[in-house]
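Chemist: Following the hints, complete the assembly by docking chain B onto the known chain A.
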Amino acid sequence: MKKTLVSLSIALACGASFSATADLRINGFASVYAGQATNDKQKVYGYDDDATFSNESKFAVQISADLTEGLTATSQVIARGSDDYNAEFEWAYITYHIDDSSQVNAGKMRIPFYKYSDYLDVGYAYRWVRPPQSVYGLSFSTYEGASYLRTDTLGDWDSSLQLLYGNLSEDIIAYTYADPAEMKSIWGINWTMSRDWFSARAAYLVADVSIDELNSAPLSQLIAGLNNYGLSNEASKLQTNEDSGYFLGVGFSIDYNDILVDAEYTELEVDDSVLAPQEQFFVSVGYRIGSVTIHSTYEENQDKHKASRFDTVPLTINHPQLGTIPVTTDPTNPNAPTLRALTNAALNGVHVDTSTWSVGMRYDFHPSAAFKLDYSSLDNNVTNTRTGVVTAGVDVVF
Amino acid sequence: MKLLYGLLFASMTAAADVSVIVHPSNANAVDASTIEKIYTGKVKTFADGSKATPVRLSEGNPVSEEFNTKALNKSASQLKAYWSKLIFTGKGTPPKEIDSDAEMLKLVATNPDHIGFVASGSVTGDVKVVFSF
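As they're listed, the protein sequences go chains A and B.
Residue numbers for the first sequence follow numbering that gives the first Met the number 0, so the first one is 0 and each next one is one higher.
Residue numbers for the second sequence follow numbering that gives the first Met the number 0, so the first one is 0 and each next one is one higher.
Think of the hints as simulated: they come from the structure by calculation, not from any bench.
Everything numeric in this text was worked out from a predicted model, so none of it was measured.
Where is the CB? At the ideal position from N, CA and C, for every residue including glycine.
Heads up, some of the hints might be wrong.
As the list claims (entries may be wrong) - Sample of chain B residues lacking proximity to chain A, with all beta carbon distances greater than 10 Å (derived):
id	residue
1	D16
2	A31
3	T52
4	V54
5	A80
6	F87
7	T88
8	S119
9	D125
10	K127
11	V129
12	S131
13	F132
Claimed, not checked - Listed next, the stretches of chain B that the computed footprint assigns to chain A, with coverage defined by at least 3 CB atoms under 8 Å from CB atoms of chain A:
id	stretch
14	17-29
15	64-77
If we strip away everything but chain A, and leave its shape as in the complex, we get:
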């Protein structure tokens, strides 16, 4: 509550001081969604088998102030239903237009992992209720730093090149639903080329990643256990402590007559951590009939460790005084689980293999609003379970 008041008062204060001297623009967007999962045992996109409204609903206001001489200050405050509609600054940055084709942004901004990253929350900007989550499922989306954006016309092609540098520090979903994480020295480049009805995009980012395993008792105990036996190398291969990570994304979009095609493939890996290398993609087609768009999407997500990561913890070690002792949770108990088995289980525990089909429709029933209805069916190929989720709602921009 306090945070909301502070945000609001800062926003008001900024608005009040800018408006006297600068050209102020206010834009906003909102989404109101209700959804329900078909399986009573599995939550999907935060929905269970009771219809809920707050999960993906949100309300955002953006204020931009043109400060003349090419300088613009922008802040976006967003209140999410999943966070009890507590308002937070999602973006807060300053833009300096170097010339007509290049600009520098500095502050808190979206990390441009994906084609739809920049307007991830602006439901009105795309046809789905949510961008395909197998690919767009990362639990963090903003960073603090600077970016350089350059747009050019190369013959008939429009080129947009972005370079970025920054840091991130927030709680993310990794081992549990809220793990303190840090990404330092994030470097990134992304390039989009578009022409008429076609556009292609590639992105590559690297960072030093640290995720605290404090909240996950099984993982932190396993790491402590390995260290007790002097197996610090094995322990550090489970910890995510300033390990280098990379993200690669490629994709294309077609909007030809009324036919829409989108596809994206992404890879994500953090070296020497319990997190498995990830590969995911989606392919989506859509068709516009007047103010109605129908669409269907297929997605896959694979997170899996290489075979060479398993069985690296020794079954016994030689102790100077005690001789050969078993590496287990309890050396005095012959039936205690070995740390090798527990390490293998931890590496196996992050194995993800899902495939998802979705169908949906978007109806532009008002110049500023769209009604959407999506149905997704998720197959978990590790647990052999299937869950459906239906979501309906309205996106507006103003």
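Modeler: Below, chain B without anything else, positioned relative to chain A:
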């Protein structure tokens, strides 16, 4: 009756034709592709390198819809989705909206860097027509 029919006919033909206008001093050649680029924020200058400031008639105006379809090949919703992608990332600002043909004519006639559009029937000698859809 004849007069009423004539007026109706005139207004219908006027709505079906959109003229893109600039300041009389603007000597640049402006083709359909340039108009599309200026109105979608991809290009911010005229051919001679001088600043191009697009202005448009407000949403819901039939001439505006005609322009969206013919010049930008987008419906009002598609155009709004396009701009919302740029607005919320600080990458672009949509053209300023003007309420009437008369205001548009006045604005373009007094600002050498402006480019606008009106129903072809309302064009006056104070502005220069560079393209018609």
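Chemist: Per the coverage rule (Cβ-Cβ under 8 Å, at least three residues), is the stretch 17-29 of chain B covered by chain A?
Modeler: That given contact is violated, which follows from only 0 residues of the stretch 17-29 of chain B lying within Cβ reach (below 8 Å) of chain A.
Chemist: If I take the minimum Cβ distance from V129 (chain B) to any residue of chain A, is it greater than 10 Å?
Modeler: About 20 Å separates V129 (chain B) from the closest Cβ of chain A, which puts it past 10 Å; holds.
Chemist: Taking a Cβ-Cβ distance under 8 Å as contact, does the stretch 64-77 of chain B have three or more residues in contact with chain A?
Modeler: holds (count 3)
Chemist: Hey, does T88 (chain B) actually stay past 10 Å from chain A on C-beta?
Modeler: At about 4 Å from chain A, T88 (chain B) fails to clear the 10 Å cut-off, so the statement is violated.
Chemist: Could you let me know if the closest chain A CB is still more than 10 Å away from the CB of A31 (chain B)?
Modeler: For A31 (chain B), whose nearest Cβ neighbour in chain A is about 13 Å away, the distance exceeds 10 Å, so it holds.
Chemist: Is the nearest Cβ of chain A still more than 10 Å from the Cβ of V54 (chain B)?
Modeler: Its Cβ never comes within 10 Å of chain A, the nearest being 15 Å, so this holds.
Chemist: For D16 (chain B), is the shortest beta carbon distance to chain A beyond 10 Å?
Modeler: Answer for D16 (chain B): holds, closest chain A Cβ roughly 23 Å.
Chemist: Hey, does D125 (chain B) actually stay past 10 Å from chain A on C-beta?
Modeler: Holds: least Cβ distance 26 Å, greater than 10 Å.
Chemist: Does F87 (chain B) really sit off the interface, with its C-beta more than 10 Å from all C-beta atoms of chain A?
Modeler: F87 (chain B) is in fact no farther than 10 Å from some Cβ atom of chain A, at 5 Å.
Chemist: Does S119 (chain B) sit more than 10 Å from chain A, CB to CB?
Modeler: At roughly 24 Å from the nearest Cβ of chain A, S119 (chain B) sits farther out than 10 Å, so the non-interface label holds.
Chemist: Examine each Cβ of chain A, and state whether all of them lie more than 10 Å from the Cβ of K127 (chain B).
Modeler: About 23 Å separates K127 (chain B) from the closest Cβ of chain A, which puts it past 10 Å; holds.
Chemist: S131 (chain B) clear of chain A by more than 10 Å, beta carbon to beta carbon?
Modeler: holds (22 Å)
This entry does not satisfy hints 5, 6, 7 and 14, going by the numbered hints stated previously.
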